[in-house]
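In terms of mature numbering (1 follows the signal peptide of the UniProt record, and there is no 0), the sequence shown is residues -30 to -1, 1 to 509.
Treat the hints as calculated values from the structure; they're not laboratory data. Beta carbons: idealized from backbone N, C-alpha and C, even for Gly. The reader is advised that the hints may include incorrect statements.
[Stated by the list, open to error] Simulated pairs of lysine to aspartate or glutamate, EDC-like, Cα-Cα distance not exceeding 20 Å:
(1) Lys389 <-> Asp404
(2) Lys389 <-> Glu428
(3) Lys406 <-> Asp298
(4) Lys389 <-> Asp319
(5) Lys406 <-> Glu425
(6) Lys389 <-> Asp252
(7) Lys295 <-> Asp266
(8) Lys389 <-> Glu425
[Unchecked claim] Per label pair, the in silico range of CB-to-CB distance:
(9) Pro191 <-> Ser156: 17 to 27 Å
(10) Ala164 <-> Gly52: 37 to 47 Å
(11) Pro409 <-> Ser384: 25 to 35 Å
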Amino acid sequence: MTTPRPMGWIAAALAAILLTIATPAVPAAAAADEYVLYYTVTASYQGQPENLAGIASRFLGDAGRATEVFNLNTGRRQPDGGALSDPNQLTNGWYLVLPWDAVGPGVQYGVLPTTAPAPAPAPAPGGSGAPANPANPANPGNPANPPGSPGGAAPSGAPASPRPSGGAKPPESGKCVAATAASSPSNWAMTRVASDLAWPYTRGTGVSVAVIDSGVDGQAPQLLNRVQPGVNVVTGENRGDTDCLGTGTAMAGLIAAQAAENDPFTGVAPDSIVLPIRVVTDGATAAPAAQAAAIDVALQLQPGVLALGSYVDITADPVVQSVQKALDLGIPVVAAAPTTSGGVTPPEDVILVGGVGMDGKLAEEYAAGTVEVVAPGVNVSSLGINGTTFVGTGTQYAVAMTAGTVALIRGYNSNLNPKQVAHRLQATSAQMGDGKPDPRYGHGMINPEAAVTRELPEEATLVSSDNRDATPVSGSEEIRIAFLLTVLAGLVLTALLVLRFRRTMRAAAAEDDLDDDWPAGDPPVDKAKPTEPSSAGSH
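Take the sequences, apply the hints, and build the full model.
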């Protein structure tokens, strides 16, 4: 029989969901402009007070998913100062963040409002709840808000990043709340990329991936012996293997998790090593100088891949300078594609990634033409703090899966430089959209197996000794070239031996001909010694 747990523990566990699932999906500087799916609670629905079970039934098709909606919203301060604590007690005017696949009249897609909505009459019995498409606070000039626009009714499967602004008060610095499992995990992301098809060739053995985010829970069972101590740049401690927010741990799980007892979940490169660089501890934003310092610290530890999480802005000038240092050292860098066109242009060889959902919709509105490849970034399952199951949305998860793919590439061919790695990812990706590249999806969905094994026609020369300017060569191509060189060397050696043998035979034949010219019984003349004149000839 299970012993009831104290209410304090339950409150702490519910708070943890907000901190693990409702986390920043974009660089901190852009967090205030993040789009989510949300619903505005009305006074009543069909003559009855609103409740989470009814909302989940209407918009998700399953009243049982009320727990999922509760987890996304519990503890977050509402415009009136209240907060959700009872799934059966909702207040008119509250905003509820909804899961990524919510759809129906009243579901909005846009920036989560922070002020109370304008008064509106309650719907008549039999109505559909909140009026569809109210004025969009992020776009007041477009009150109609057609479906698919910010603030408009979202189509089925529209992406969202479930991190409401004005979230719950974070825990004190250095302290983490208890973790609880997500309510609706799905492994569609790992199924889509099918990284296990590359494992017969490489599992990323010996490749370290620096994850710059919220730290990593190194004690999670699926990450045991896969996480280095790392560094906490916030406190200056030489330990980055703890995590209060969960995003860093989720990224690490997508990269290097190994199947544990009763949990078959496995990362993209399960034999790689994670190097956690903790740039935030309690949800506070990281200044660009701190972000750059985190990259510089990671470079001192010489990782094989650099993965920039949700707290790093790739368009900030100090970050760009530090990223260029990494590229100059031959370290591939994977980062989220920017959501705005402002700021400094990222270095050319950075791998800019976009996140997509199971239906192919983008996780965020990326700046046009910035996405180079895409990977799953919506409703992605991974590891949570303490080894629990985590489900989240954000480009950082697409970055993690792409970084894991880079670890596989480097595990198979460590000679490739950042430009060559980026080219291999792009050339082997599966096309999405109207072209390759497409303005929204870039070169398409990453394909780990093809990125490791496919022979590319343009990879025609050997990698040079400094590996900076030569065209890349795949592992199988290197083997074939080595074989051809061996055969060629054998042919040259054989030709030399034949030539020497022929010369020896010609010399022997010449001596035989000379011997045949002397009378029988007379000795041959030593041609190297002059013949002495006879005594008869001297008189």
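Quick rundown of the hints versus the structure:
no., hint, result
1, Lys389 <-> Asp404, "violated (25 Å)"
2, Lys389 <-> Glu428, "holds (14 Å)"
3, Lys406 <-> Asp298, "violated (28 Å)"
4, Lys389 <-> Asp319, "holds (5 Å)"
5, Lys406 <-> Glu425, "holds (19 Å)"
6, Lys389 <-> Asp252, "violated (35 Å)"
7, Lys295 <-> Asp266, "holds (8 Å)"
8, Lys389 <-> Glu425, "holds (17 Å)"
9, Pro191 <-> Ser156: 17 to 27 Å, "holds (21 Å)"
10, Ala164 <-> Gly52: 37 to 47 Å, "holds (46 Å)"
11, Pro409 <-> Ser384: 25 to 35 Å, "holds (34 Å)"
Checked against the numbered hints given earlier, this structure breaks hints 1, 3 and 6; the rest are met.
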